[in-house]
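Next come the chains, spelled out residue by residue.
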Amino acid sequence: MNPVRRILSVGALFLLGLGLVGPAVVEAESLGPCEKALVACFLAPGHNLPWDIFACLQGYDFCKRFVEPLL
Amino acid sequence: MIKAKIAGFLAGLIVLAWPGRGSAPEVIRSVALEEVLSVGTLDDGALVQWTGIAADPSGRIYVLDMLDYALKKFDSRGRLLLKTGRQGQGPGEFSAPRALALNGDRIYALDQSRPGLLVFDTELRYQGTIAAARPLSMIASVSPGRLAVAGFTLVGQPARIFLIDREGRVLSEFNYLDKVEFYLADSINTAADADGNLYLAYGYQDRIEKRDGRGRILWTWSLSGSAAVETDTYRAGGREFLIPKKLFYKDAALDRQGHLLVLCGGQTRHPSRDVYVFGLSGTRLAMFTLPEPSHCLFVDDNGFLYARANEGLTVKKYRIVYR
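Protein chains in written order, with this note's numbering: chain A, 1 to 71; chain B, 1 to 323.
I should point out that these hints are in silico values taken from the structure, not numbers from a laboratory. If you're wondering where the values come from, they're calculated on a predicted model, not measured in any experiment. It cannot be assumed that every hint is accurate.
What the hints assert, rightly or not - Listed below are the simulated EDC-like cross-link pairs for lysine to aspartate or glutamate, each with C-alpha atoms no more than 20 Å apart in a straight line:
1. B:K245 x A:E35
2. A:K36 x B:D232
3. A:K36 x B:E292
4. B:K246 x A:E35
5. B:K179 x B:D206
6. A:K36 x B:E230
To be verified - Not the full set, but computed from the structure, chain A residues with beta-carbon under 10 Å of chain B:
7. L31
8. E35
9. C56
10. K64
Ideal Cβ placement from N, Cα and C applies to all residues, glycine included.
The following block holds chain B by itself, in its conformation from the complex (with noise of 0.2 Å):
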C-alpha cells in the first residue's frame, strides 16, 4: 500500500515536471554567442564569396562560393578537404550559386541564373540535375528524403512550395499566396521542423508562419502587427512593375531546443545582424546581434550557428547560449 503511495505521488511528480501541457512559458533573458570555428581568412583563398551552406552530424561543413564557382567541403576544423565546380552552364558547373541543402547523403545545390537543382554527393562527385521550369529561389531540407522549393511566379499567380524527394519527383505542393500582390511578395525563406512544419519568414513582407506539412497556417507573427509593404512603381517598356522595397527577413533557422530564428533585414537596429528567437508557438522569446553582417544563418543538427564575417570571406561557426 505505502509502496503504492509512493509510486502514485513519483508518477504525480513526473507529470508535474515534464515539460508541455501545464509547464510555464519559455523565458530567455539573453542569448550569446560563442565563436568556435572560423573557416577562410582574408589570405588564405579558402572563400571568396561564400552563400549557401550545410553541415553533416559529424561537424563537415558545405560551402556554395559564388564568386569560386564552386562547392567545397571542410572538415570539423575548417581545412579545406574537396572542391568542385567552375563557371559555366555545363554539368557540375555554376553561374551564380546561391542555396545549399543537405539532405542525406546528397547535396543540393540551387544556381539563381539556371533551372532547377545541381545535385552532389557528400565527397563532391556530380550526380546530376533536377528539372525545373525556371530557377528556383528556395530550397530547405524536411525530413530524410525530402526537401521543400520554390521559385518566384509572376504577379496574379499563386506562389506555391512543392515538397519533393531526393529524385526530384513532386510528393505534395500548396500555395503559401492564392495570388501575388507585387514582385518578389512570394520571397520566402524557409526552416522546417522534425515533424514537417515549414516556417516561413518573408523576404519583402513583415510576415513570419508556421505551416503544417499541408499548408494550413498555424500561427503567424509580423513585427508591425500587419504585414506591411513599402513599394515603388516603375514603368518600363511600357509597363508598370511594383518593386518592394525594404527586404524585412533574410532567412530562417530552427535549433536544437525548437526555437525559430530568423535573421532581420534593413528594418532593424542592425541591419542584417540582428536575429529574433521565437518559441514554437509563435512567441517571440528574445534578440541577438550577429557580430557582424550576414546574408543567411544555418543551424546545424548538433545546435551550431553558421553566419557570414569579413564580407563574405569567413564562415564563423558559434554555440548558441540561452540564459
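Isolated chain A, as found in the complex (with noise of 0.2 Å):
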C-alpha cells in the first residue's frame, strides 16, 4: 500500500476512532491507542451525559475493530 495513503487512512481513522476527541491525554504504559482515546474522550469537557458516553464507547468499539489491527 502506498505509504503516504495508509497513513492518512489510518490517521483518519484514529481521529474517527476517539468518537469525541478531548483535550485531556492519559499518559499510562499499560493502556493501548484505543483504551487511551477512550480515556481522553470521558475526560473530554462536560462528557457526562448518556449521549457524550456512547459516543465515546462507539468511538472505542471502532478503534479496537478497524484500527488496533492496523497498528
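Fit chain to chain and form the complex, with the hints in mind.
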C-alpha cells in the first residue's frame, strides 16, 4: 500500500475512533491506543451525559475493530 | 403386490437418505476460499476505507465507505455504478457510516454518530431516516420486510434487540441481556436465518448464542467454556468505568448451507482472520483463516463470502469450498 495513503488512512481512522476528542491525554504504559483514546474521550469537558458516553463507546468499539488491527 | 413392496422399499430408502433425523453429524475436514472478485485497488480510488457491505441476488454489491462518506454500488464484475453521500449531518449525508443491511429494494445504513437509520433505494436515492433515540450499533436483515437493530446502553440497564419493519415500526423487542454489567457488554454481531432465529456473537464477551425470534436462547457456545471477560477500570470525571480489553468476536454470518460463520477478534492465532464454522445445533465444525485481517464478514444469498483486504481499500469476494 502507498505509505502516504496508509498513514492518512490510519490517521483519519484513528481520529474517527476517538469519537469526541478530549483535550486530556492519559499517559499510561499499559494502555493501548484505543484505551487511551477512550479515556481522553471520557475526560473531555462535559462528557458525562449518556449521549457522550455512547459516542465514546462507539469510538472505542470502532477503534478496536478497525484501527487496532492496523497498528 | 410386488409393486407395493418395491414402492415400500424405495420409500424406506428415501427416509434413510433424508437429511436431519437419524443422519450422521456433519463433518468438515477443511475449508478453502477461492477468490472470485476483487473490488478496489491501491490506485483506482474506488474505495478508501469501507465498512458496511451487502449484495443482492444478482451479485451487485453495496458498500459504505467511511472515509469517502459515501454509499457505493458496484456491478457483479466490480465496476462502480453509483455513488451517493457526502460528509455532514443532513439528509443522505454521513458522519461515520458503519454498517449496512439490504432488505428487499431498500438499503439501511447505520451511522455511528447519528441516531437512527438512513434509508436508500437500490438506485441509492435517499428515502428518509428512521428515527431512533440514539445511534445504533447493530443492524441485520432478518427476513423480507423485517430487520433487527440494537444500540449500546448504559451499565445497569437491559440490552434490547428491536425487530422493525421496513418503515421502522417496532414489531417486537426482547432483552438479550437483563442487565449490562460493564460498558460494551451489549456489543453484538448478529446474523439471522430463514426461520427468524438470531445468532449473536458478542463483541467483548466469549459468547455466541442462538435465539429464536422471541429472544429465547436455543444454544450457547464459548471458546473458553465460560463467558470470560477481562476489564480495566478507568476513573474519569469522578466516575469509574469498567471497560473490556479483548474483542472476542467481530462479526457473524450464515452461509447457504446453514453454517454459522463467526469472525474472531484478537484472541486467536490469526487476529481478525480466523473464522469459526458452526453447525445448526451449535457444534463447532471447522475453522478457516482469511488471507487478510477483516473487520467484518458477509455472505450473500448465493453463498459468496466478502471480507476486507488492503487495509480497507479492497473488498474480496470468495467462494467457500467445504470438504
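Are K36 of chain A and E230 of chain B close enough, with their CA atoms no more than 20 Å apart?
holds (17 Å)
Interface restraint verdict for K64 of chain A against chain B (beta-carbon cut-off 10 Å)
Result: holds, 5 Å to nearest chain B Cβ.
Hint validation: C56 of chain A versus chain B, beta carbon distance must be below 10 Å. Holds or violated?
Where the cut-off is 10 Å and the nearest Cβ of chain B is about 9 Å from C56 of chain A, the hint holds.
Can the restraint linking K36 of chain A and E292 of chain B be considered satisfied, given a maximum Cα separation of 20 Å?
violated (26 Å)
Between K36 of chain A and D232 of chain B, is the straight-line Cα distance small enough, at 20 Å or below?
With Cα atoms ~12 Å apart, K36 of chain A and D232 of chain B stay inside 20 Å; holds.
Could you check if L31 of chain A really has its C-beta closer than 10 Å to a C-beta on chain B?
Result: holds, 8 Å to nearest chain B Cβ.
For the pair we were handed, K246 of chain B and E35 of chain A, check the Cα-Cα distance against 20 Å.
Within the cut-off at roughly 11 Å; holds.
Is the hint on E35 of chain A kept, meaning its closest Cβ partner in chain B is under 10 Å away?
Since the shortest Cβ distance to chain B is 7 Å, the answer is holds.
Assess, step by step, whether the Cα of K179 of chain B is no farther than 20 Å from the Cα of D206 of chain B, and give holds or violated.
OK: K179 of chain B and D206 of chain B at ~17 Å, within 20 Å.
Taking only the CA atoms, is the gap from K245 of chain B to E35 of chain A under or equal to 20 Å?
The given pair, whose Cα atoms are some 8 Å apart, holds under the 20 Å limit.
Violated hint: 3 only; the structure is consistent with all others.
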